[in-house]
Amino acid sequence: MTTEADALVLRYLQDLESQLGDLPANRRQELLDEVAEHITAARATLDPETEAGVRSLLERLGDPADIAAEARDRFGVPAEPARPTPWLEVIALVALVIPFLGWVVGVVLVWLSRLWTTRDKLIGTLGGMSWLVAGLGTLSMSAQGSTAVGSGPLGPTEMSLVEVVLFLAPFLLPVVAAIYLGFRLRAHGHTPQAVR
Amino acid sequence: MRRMVPGKRESLIIQMRRGTLEYCVLALLRDQPRYGFDLVRSLAQADGLVTSEGTIYPLLGRLRRDGLVTTAWHESPSGPPRRYYQLTAEGGRALALFTTEWDRFTDAVDRLLRQGDNP
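Here the protein sequences come in this chain order: D and X.
Start counting the first sequence at 1; every next residue gets the next number (our numbering).
Start counting the second sequence at 1001; every next residue gets the next number (our numbering).
Just chain X, with the same shape it has in the complex:
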């Protein structure tokens, strides 16, 4: 458990992750509520999105405070009841807005990045 001084590549990824991670969380909750561990593992499977799984919880707390996500307790098949995170209507709207803007944004960036390929 050491803290790293991020290199160029890491800091680039950190910058890109900063604005997008919360929408990845909202996207994972779009179809069904999930409990923390499940949500975090699903995120961790996406390459480069999460390095320390625990850092998702402050983000979840923030999303809850902003009213984009709520929590509810559900029985679990094994062990104690689990706290499930679910999307609110407002969270759904925020996700839809982001999805539209993201498509437009990545289209524009893609076009610029590829300009060099087709002179």
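Next up, chain D with everything else stripped away, as it sits in the complex:
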């Protein structure tokens, strides 16, 4: 008698286990344990325990397929997968603000990335390019002779606002471009493109 009931329970749990196949292993085990405990507690209330009693107990518990469907429903929507840190992009942004060689590396990495649009990449490239302009400017200035730079001190009072801006732009533009790309990266992470 009891062995027949045991066989019924065993078959029920095996059926449930196979129906839960596509759930994560720990979730599946937890659910199986809980249902098994339910059956144990329910059987303890049967006095005397009959095969019919166990059968109806399992009937009330429901079709394993229904339990599995409910489990998939409750857990099926996968928790938003943790986005891996986009190291390529992070390195690209750091490189971009380092003069000359860093900018070259940064631009290459920016164009290798798949997380930015072509427009973003162009902005990053042009923003960083001001280093190049500044470099050429410095070269041409020194080529013209160092009189302007070398003689009297070039105090701030002697620089016009335009000069200050022109002087600072090569330093600031790459940083602005890198910050812009960083923001675009964050915004991009929230688009559904990440889903498989």
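Don't read these hints as lab results, they were simulated from the structure.
Heads up, a few of these hints could be off.
[Unchecked claim] To be clear about the criterion: a stretch of chain X counts as covered by chain D if any three or more of its residues have a C-beta under 8 Å from a C-beta of chain D, and this derived list gives those stretches:
hint, stretch
1, 1034–1041
2, 1054–1060
3, 1080–1094
As the structure is a computational prediction, the values presented were derived from the model and not from experiment.
Glycine included, each C-beta is placed from N, C-alpha and C at the ideal position.
Keeping the supplied structure of chain D fixed, place chain X upon it in accordance with the hints.
Just chain X now, kept in the frame of chain D:
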């Protein structure tokens, strides 16, 4: 053990149950922790709430994952120790919020449903 294609009435009940069942579970745990079988039987006694008792366990798992419910093992007077489900502070807050909103919601729906009775 057959699977039914739900009719109009069943699908209506399924829809209404969907959003409320978890709060019924939380409400049953408000005053004391319960073990699974006890909890499920109490729910099953409420008409129309549960058709397959086993489907409560995925819900309990979800509530636990969301931190609204925790489990602890307690000795049982007969047989092996039992897993008891109990409300967390967060679960209590969720239940209180639902209770307030539910009262407001049912009041509004009741008023609309009865409008036809008192012209």
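Quick rundown of the hints versus the structure:
1. For a cut-off of 8 Å, the count of residues in the stretch 1034–1041 of chain X with a CB near a CB of chain D stands at 5, and the three-residue condition holds.
2. Given a C-beta distance limit of less than 8 Å, the hint that chain D covers the stretch 1054–1060 of chain X holds, as 6 residues qualify and 3 suffice.
3. For the stretch 1080–1094 of chain X, the assignment as covered by chain D holds, since 3 residues bring a beta-carbon within under 8 Å of that chain's beta-carbons and 3 suffice.
Figure legend: structure checked against the earlier numbered hints; every hint is met.
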